[in-house]
Amino acid sequence: MDSAKPATVFEPPLTPRAGLLPRAVLPFLGILALALLLPFSGNDYWALIATRAAIYWILIAGLNLVVGFAGQLAIGYVALLTLGAYTASVLASGTVTPEVPAFLALAAAAGIGAVFGLVVGLPALRLRTFYFAMTTLGFATIVTQVALAWQDVTGGGIGITGPAMPPPFDTAWSFFYLCLGLAAVVTWMTGNIARSRFGRGLIALRDAEVAAEASGISKPALLVSTFLFAGACAGFAGGLFAGLQTYITPDAFTFELSLLFFIAVLIGGRGSILGPMLGTILLTLLPEIAAPLAAWSTFLYAFLLLVIVLAMPGGIASLLDFAGRRPLPAHRAILPRAAALEALLPARPEAAPLNLAGIELRFGGVRAIDGVDLEVRPGQVHGLIGPNGSGKTTTLNVICGYYEPQQGRMALGAAPLPAGMPQKRAGLGIARTFQTPRIIGEATVLQNVMVGGSIQGSSSFFATLLALPRPRAEEKTIEAQARLALAAVGLEGLAEARADRLQHSELRFVEIARALMLRPAFLLLDEPAAGLSAEEIRRLGALIQAVARQGTGVLLVEHHADLIFDICDHVTVLNLGRVLASGTPADIRSHKEVVSAYLGA
Amino acid sequence: MLASILASGLAVGAIYALIGITYNTMFATSRVMSFTAGQLGMLGGVFGSLFILQFQLPVLPGLALTLLAAAAIGVVTEFVAVRPVLKSLDQHLYVLSTLALALMIQQVTAIEWSTEPRPFPRLLELTTAHGPWDQKYWLPVVACAVTILGLEYLYKRTLVGRAFVAVAEDNFAARALGLPERNLRVASYALAGAIGALAGFSGGQLLLAFFANGPLLNFYGFIPVALGGLGNNRGAVIGGLALGLFQQAANFTVGGIFSSVAVFTLFIIILLAAPQGLFGAAPQRRV
Numbered sequence: 001m002d003s004a005k006p007a008t009v010f011e012p013p014l015t016p017r018a019g020l021l022p023r024a025v026l027p028f029l030g031i032l033a034l035a036l037l038l039p040f041s042g043n044d045y046w047a048l049i050a051t052r053a054a055i056y057w058i059l060i061a062g063l064n065l066v067v068g069f070a071g072q073l074a075i076g077y078v079a080l081l082t083l084g085a086y087t088a089s090v091l092a093s094g095t096v097t098p099e100v101p102a103f104l105a106l107a108a109a110a111g112i113g114a115v116f117g118l119v120v121g122l123p124a125l126r127l128r129t130f131y132f133a134m135t136t137l138g139f140a141t142i143v144t145q146v147a148l149a150w151q152d153v154t155g156g157g158i159g160i161t162g163p164a165m166p167p168p169f170d171t172a173w174s175f176f177y178l179c180l181g182l183a184a185v186v187t188w189m190t191g192n193i194a195r196s197r198f199g200r201g202l203i204a205l206r207d208a209e210v211a212a213e214a215s216g217i218s219k220p221a222l223l224v225s226t227f228l229f230a231g232a233c234a235g236f237a238g239g240l241f242a243g244l245q246t247y248i249t250p251d252a253f254t255f256e257l258s259l260l261f262f263i264a265v266l267i268g269g270r271g272s273i274l275g276p277m278l279g280t281i282l283l284t285l286l287p288e289i290a291a292p293l294a295a296w297s298t299f300l301y302a303f304l305l306l307v308i309v310l311a312m313p314g315g316i317a318s319l320l321d322f323a324g325r326r327p328l329p330a331h332r333a334i335l336p337r338a339a340a341l342e343a344l345l346p347a348r349p350e351a352a353p354l355n356l357a358g359i360e361l362r363f364g365g366v367r368a369i370d371g372v373d374l375e376v377r378p379g380q381v382h383g384l385i386g387p388n389g390s391g392k393t394t395t396l397n398v399i400c401g402y403y404e405p406q407q408g409r410m411a412l413g414a415a416p417l418p419a420g421m422p423q424k425r426a427g428l429g430i431a432r433t434f435q436t437p438r439i440i441g442e443a444t445v446l447q448n449v450m451v452g453g454s455i456q457g458s459s460s461f462f463a464t465l466l467a468l469p470r471p472r473a474e475e476k477t478i479e480a481q482a483r484l485a486l487a488a489v490g491l492e493g494l495a496e497a498r499a500d501r502l503q504h505s506e507l508r509f510v511e512i513a514r515a516l517m518l519r520p521a522f523l524l525l526d527e528p529a530a531g532l533s534a535e536e537i538r539r540l541g542a543l544i545q546a547v548a549r550q551g552t553g554v555l556l557v558e559h560h561a562d563l564i565f566d567i568c569d570h571v572t573v574l575n576l577g578r579v580l581a582s583g584t585p586a587d588i589r590s591h592k593e594v595v596s597a598y599l600g601a
Numbered sequence: 602m603l604a605s606i607l608a609s610g611l612a613v614g615a616i617y618a619l620i621g622i623t624y625n626t627m628f629a630t631s632r633v634m635s636f637t638a639g640q641l642g643m644l645g646g647v648f649g650s651l652f653i654l655q656f657q658l659p660v661l662p663g664l665a666l667t668l669l670a671a672a673a674i675g676v677v678t679e680f681v682a683v684r685p686v687l688k689s690l691d692q693h694l695y696v697l698s699t700l701a702l703a704l705m706i707q708q709v710t711a712i713e714w715s716t717e718p719r720p721f722p723r724l725l726e727l728t729t730a731h732g733p734w735d736q737k738y739w740l741p742v743v744a745c746a747v748t749i750l751g752l753e754y755l756y757k758r759t760l761v762g763r764a765f766v767a768v769a770e771d772n773f774a775a776r777a778l779g780l781p782e783r784n785l786r787v788a789s790y791a792l793a794g795a796i797g798a799l800a801g802f803s804g805g806q807l808l809l810a811f812f813a814n815g816p817l818l819n820f821y822g823f824i825p826v827a828l829g830g831l832g833n834n835r836g837a838v839i840g841g842l843a844l845g846l847f848q849q850a851a852n853f854t855v856g857g858i859f860s861s862v863a864v865f866t867l868f869i870i871i872l873l874a875a876p877q878g879l880f881g882a883a884p885q886r887r888v
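Top to bottom, those sequences are chains A and B. Position 8 of the first sequence, counting from 1, maps to 8 under our numbering, and the rest follow consecutively. Position 97 of the second sequence, counting from 1, maps to 698 under our numbering, and the rest follow consecutively.
Hints were generated in silico from the structure; no laboratory data involved. All figures in this text were calculated on a predicted structure; none of them were measured in a lab. You may find that some hints are simply not true.
Claimed, not checked - Listed below are the simulated SDA-like cross-link pairs for lysine to any residue, each with C-alpha atoms no more than 20 Å apart in a straight line:
(1) Lys688/B to Met312/A
(2) Lys688/B to Gly314/A
(3) Lys688/B to Gly71/A
(4) Lys688/B to Ala311/A
(5) Lys219/A to Met410/A
(6) Lys219/A to Glu209/A
(7) Lys219/A to Gln692/B
(8) Lys688/B to Lys219/A
(9) Lys688/B to Leu310/A
(10) Lys592/A to Leu873/B
(11) Lys688/B to Ile455/A
(12) Lys688/B to Pro313/A
(13) Lys219/A to Leu873/B
(14) Lys219/A to Ala194/A
(15) Lys688/B to Thr129/A
(16) Lys424/A to Met410/A
(17) Lys219/A to Ala874/B
(18) Lys219/A to Pro876/B
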């Protein structure tokens with residue numbers, strides 16, 4: 001953790017490599033070993049409970065990506081379990097269709113689950129949290145009602161037999177091993193997603209959506225894949241659940257189950273896999289241990305939920321996060337390394353400038369930007385200054401596509417830059433930081449920076465799910481670059497620290513590192529010096545100049561006049577949404593109106 | 602049949618609208634959508650039946666006690682599930698805390714009261730009208746009208762009401778002006794409790810005293826809010842009545858199950874088309 005070395009020669013920071021097995025895998029292997037030993041208890045009742053836990057986990061593992069990672073409050077997942085259970089049972093019983101083999105029926109249940117997982121999930125793309133929670137609840141009610149009413153297919157209240165497993169899976173313990181094996185596979189798959197750019201993207205959408213967009217993460221595409229996968233898990237679990245129950249009625253799918261799934265994730269902790277797994281085991285066992293309280297189980301679950309929300313929002317995972325509590329070095333400095341920057345940003349050939357012409361943006365009757373012209377040249381630092389409310393940040397937001405101007409043109413060289421679509425900017429080489437750092441507090445600094453490299457990965461969700469060679473290679477590249485970027489801004493010593501433990505000034509540099517991951521043609525910095533010490537501002541200035549030397553055009557919004565005049569090649573002054581003056585720092589310093597309107601005499 | 606559809610449609614519509622107003626009243630001062638809204642409606646029926654049928658109280662004291670008890674639960678909601686999570690509103694923890702409290706209320710009711718629907722008393726002895734003019738149909742409509750008029754009077758004519766509006770409009774500015782923002786919030790939760798209970802009480806003869814009414818009212822009471830726009834009481838009334846009529850029309854023509862499916866589908870489609878509601882405001886600034 002020693003970062004106070006002079007930055008003369010740059011050595012690529014070493015990636016901490018684990019031995020044969022990463023330590024994070026050990027708890028999972030421990031749980032698996034315990035589960036494998038269970039049959040030696042000889043108690044068939046345990047087979048039932050353990051199988052149930054494994055089946056629940058298959059559903060919860062998928063749901064965990066939706067709730068724990070993406071932060072979508074999908075409460076009614078019992079609906080997908082129901083759909084899967086009925087699909088598998090109806091197909092396997094052959095009452096409606098020709099009889100289908102059990103495993104094929106399970107596959108069909110997964111398919112149906114995926115489709116409806118998407119249908120239930122899609123509103124999340126448009127609706128706010130509470131609305132989405134409500135629609136999933138509504139869906140859960142509807143599915144049960146349909147199961148009751150559609151008697152020809154579901155048997156109504158009388159029910160239907162579940163799929164019978166073919167030998168050798170027709171005994172209690174062999175069925176348990178089957179479910180355990182499947183649960184292990186699903187755990188491995190969600191682990192692959194969690195550690196990939198998809199997992200980071202989901203967490204970024206949850207905690208820093210705007211930054212995720214600026215990094216080129218497409219919310220719809222990512223959520224659609226996640227909902228499909230979680231739905232398939234849930235449908236598949238439903239098929240197994242029907243097999244375990246041997247006979248299902250709509251009564252088997254109470255809202256209490258939905259609650260169990262949802263709370264298991266939250267007890268476990270967001271963004272963790274081990275935590276929710278322990279939560280699942282705990283919640284499955286709880287009613288068995290506290291048998292006299294069976295009638296109160298919903299109350300118990302609800303009470304647990306309240307306690308977690310109020311007392312330990314981090315859940316089990318935060319209790320287990322020993323590394324996250326290790327103290328950070330007290331006297332640490334941010335020491336940007338030019339050599340790392342050069343390694344990260346190869347000097348780019350002379351590129352085209354970024355042009356804004358006659359941009360006008362109105363909010364109702366307010367003219368936030370009133371005809372701004374601006375040209376940011378590659379390799380130059382362009383300062384954008386002006387009093388509060390003069391339209392500086394708004395101009396950045398127009399360039400980044402968060403606002404669509406009513407008038408004016410933007411162009412990258414000869415190609416027009418279309419308004420809107422912030423998630424497309426990363427692909428065009430436009431990166432930015434934010435006035436208030438948009439950081440994922442619960443992720444490590446390294447993961448935060450790796451979010452910036454999301455668009456470099458091209459392998460599919462499916463390939464990542466199976467940990468095929470290409471996504472693994474991409475991961476390694478992105479991680480190596482993120483370490484370079486951290487070294488470039490001088491924070492490599494904090495790579496493994498949780499981001500919410502950093503100081504404000506350090507977060508500003510983390511944001512710059514994340515933006516540099518795009519190897520941007522244009523870097524837009526929104527008040528990067530706010531809250532920094534004088535020494536840090538000096539280092540920031542040097543870093544910005546070094547970035548520009550590599551051929552990147554920097555647009556710098558700042559209030560620190562000294563920094564602006566020290567490092568800018570060109571300065572534009574805004575006032576009331578208009579360009580008040582534009583020229584070299586020397587021109588601006590002597591510009592009468594600027595001095596009286598802004599700089600002060 | 603048309604008369605039945607109109608009568609029952611307007612009746613349940615008025616109940617949904619009242620639950621919608623309950624959501625809005627809590628939302629106005631706290632920016633929190635609380636899952637307890639439907640439970641308050643459920644409790645209105647349960648308390649009414651408890652006080653009037655079981656304890657043999659006359660109707661008016663029974664009503665007063667019901668509203669008081671529900672107001673107390675509203676205050677508990679504020680203290681337990683809302684206040685602790687207000688400082689991190691952007692994390693939406695209130696969705697979870699109010700859901701947890703709502704489930705606890707529901708489960709306690711199921712165990713301590715009954716898991717079966719129990720009868721609710723006939724409130725007025727003087728009318729003997731039956732069919733569409735039965736009191737069970739027009740009582741909720743009257744309750745809804747009284748509530749809306751009462752709220753309009755409160756918000757427009759009284760100092761406390763104006764203070765409510767100020768807090769709803771701009772929390773920080775209201776606090777800076779020296780308004781007791783916290784007390785107003787507690788008061789609004791008490792008021793919401795009473796309004797929710799009034800919904801369940803006035804509609805008690807339709808819905809009965811049944812613990813499982815909570816989630817249903819939660820969902821159907823939320824639809825008017827979603828349609829009318831958050832915090833818009835008039836929108837909630839229009840949305841509620843429209844929902845009630847649509848639902849009952851579907852009920853009478855295609856049957857109960859498919860009417861729920863129809864309502865749900867329509868709800869999703871409208872929400873996706875107009876996420877801010879039909880009378881809602883534009884989205885907030887993000888960057």
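inquiry  = Are any of the numbered hints broken by this structure? If so, which, sorted upward?
reply    = 5, 8, 10, 11
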